[in-house]
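Peer 1: Given only the sequences and the hints, what does the whole structure look like? Please build it.
Taken in order, these protein sequences are the chains called Z and W. 1 is the number of the first residue of the first sequence in my numbering; add one for each residue after it. 1 is the number of the first residue of the second sequence in my numbering; add one for each residue after it.
Bear in mind the hints are in silico, worked out from the structure with no lab data behind them. Please read all numbers here as calculations on a predicted model, not as lab measurements. A few of these clues could be false.
[Claimed, not checked] Cross-link-like lysine-lysine pairs, in silico, DSS-like; alpha carbons within 30 Å at most:
1. K183(W) <-> K227(Z)
2. K377(W) <-> K242(W)
3. K377(W) <-> K196(Z)
4. K243(W) <-> K398(W)
5. K243(W) <-> K120(W)
6. K215(Z) <-> K183(W)
7. K120(W) <-> K242(W)
8. K120(W) <-> K244(W)
9. K106(Z) <-> K9(Z)
[As the list claims (entries may be wrong)] Taking CB as the label site, the calculated pair distances span:
10. L208(Z) <-> T255(W): 57 to 63 Å
11. T255(W) <-> G30(Z): 56 to 62 Å
12. G365(W) <-> E41(Z): 51 to 57 Å
13. E175(Z) <-> E211(W): 36 to 42 Å
14. K374(W) <-> L47(Z): 49 to 55 Å
15. L208(Z) <-> G331(W): 36 to 42 Å
16. G178(Z) <-> G365(W): 56 to 62 Å
Even glycine gets a Cβ: it sits at the ideal position worked out from N, Cα and C.
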Amino acid sequence: MAIDAIEAKLRPPALPIVPYPAKMITLADGEIMVVREARREEVGVLLGTVYPLIGVPADYYDIVATRMYEELLGWYRYRTANEFVLVGAINGVIAGIVTSRSVSPKLGMSLHTLTIKRGLRIGAQLFAAKMEDHIEYQGADEVWIVAESPNGWRRWMIEYELEDRSSQYPEVRHELGGVPTFVLTRKLWNAVKASKCTGVRPVPPEVLAAANKLKMPDEYPQIPGFKR
Amino acid sequence: MSARVGIVGVGHTRFGNSSEYDLADVMAYAATDALIDAGILEQRRVVDQVVVANMASGLFCNQTSVASSLVSRMDMEPTPAELVENGPASGASAIKVAYMAIASGMADVALVAGGEVMRKVSGWRATDIVATMLHTEAEYNMGLTLPSFGGMFARLYMERYGCTERDLALIAVKDHANGALNKYAHVQVPCTIEAIADSETAHVVNNYVAEPLRIYSTCPVTDGAAALVLANMDSPKAKLFKKKPVRIAGVASATDTHCVHNRKDPLYLDAVRIAGEKAYAMAGVGPKDISFAELHDAFVILELAISEELGLFERGKSFLAVRDGATAISGRLPINPSGGLKSKGHPVGATGVSQVVELARQLRGEVEPGRQVKDPKYGIAVNFGGFGNNVVATICAKD
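Peer 2: Laid out in structure tokens, this is it:
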């Protein structure tokens, strides 16, 4: 059997992914963050951005970064089905990344949200964009979500008033290791999206051009004195 | 005649998230900083009295008797140490108690340390704990919180005087500009009026907390500590200190009804006005003598209301002064050059001490470039307990 034939057998079946149109958000400090789909050829700059955070135990960056690193590789090497990656970039510098995948046309499985630049609610904006992608663009009726950090718990479970399905374990179990599963339904999304999700479309060409050249951050607030 | 009391040492932690640390250690850090600043770390047993300010460590940290803990951490036994609790005004009340100890002759040197570690619990739990200072039956049990009071107060103020949400956002922009330059501030990030008020995405970036108050109208939940060394300026011990003292010219407090609904007019903060009048009288000055102010802007609307009660601006007009830039660092009356509670943060037990640390640093000319008030003579701080039911005003002077 030819190598490419073996590879074809190793790859998961794929659902069509509906493109997510880029949008821009004016952050509190006045900077413009573009949120857009990451492209497969950008995996190197994404991995390089995530890697330094693998050694940061504070706020569970270590587990989130480690798992996101794996998810990015799974996406790049076609080992995770129907995965998509969104990136938030300020003048092209990566400020945050989210990963997620569609299990079926009606079910989304939220993976991870990683914020690099802090204090501007970038994680909240990227998580909202991920939910927007699942429900508004991929057409999911619900998204399964877990939190691996107290910050995630506050941001998602409490602020979105997610539906607690943990009592239905193991029938309802998120793919991330049996952590209690919460669900954003279309109804819940419709109730919160006006206050949680924002962004201006279309993004002006000159702004999008800057965001199309992703750069790894030179500084990490999580790693004082970081030098690349 | 009572003794003249001066500030001879100041200390401060970087406000923010200290939830991994023990409260007494956080306070000891600030206290040590203050003793070093005073030049008496090695001779710290010259301190006759330790006064500790804390609001709710029993609820936030399952830790009580923090005055005893602090003295032990500092290796200062058998120095007497007491805890003062007056809600979010605990810090300024502790300063007042230390002032009285020195002025009465009971002590020559006092160490005041205020601290709170609030982030061991969730933001929602922290809000609930702070709300326990409200009237139990009439307010707390009805579900009222401090942000909800702030929201109602802001709505009433806006309707009566014509202040807008954009005016509130301008206060945040000013405070964050100052806080971004303050090495001790929790949120050292400037914000722009475009981003938090004018842009298409502002309603989400600056979302409502308690309408009309938004994220950028309210202080963050913050950990931290601040400390002062106070001394009798006429005592022989005054020679021990390496810096020229900043004199506490006036310190006074006042109370108001516990239930806000029992007030004749909920927009009138009588305790602020009375505490301010008493502090002015004690200092022998008036509002026109004040060079700058540190006001308790747990919600930015309070910066406006407090400044009016102090007579710094005409009632219902202070937001116009903000529009004109009068309260910016370069304005005619800078308010919250530290960034205020909005940007610097509000560890409830530490705030009153932190405000007076800022008065002292400004009057010494020691703050970071870009946020130094020009040639200040008198600074006033107002520390606001409850929803204005127990308030302390402190005036410091550069002699």
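Peer 1: Need the list of violated hint numbers for this structure, in ascending order.
Peer 2: The structure conflicts with hints 3, 5, 7, 8, 11, although it agrees with all the remaining ones.
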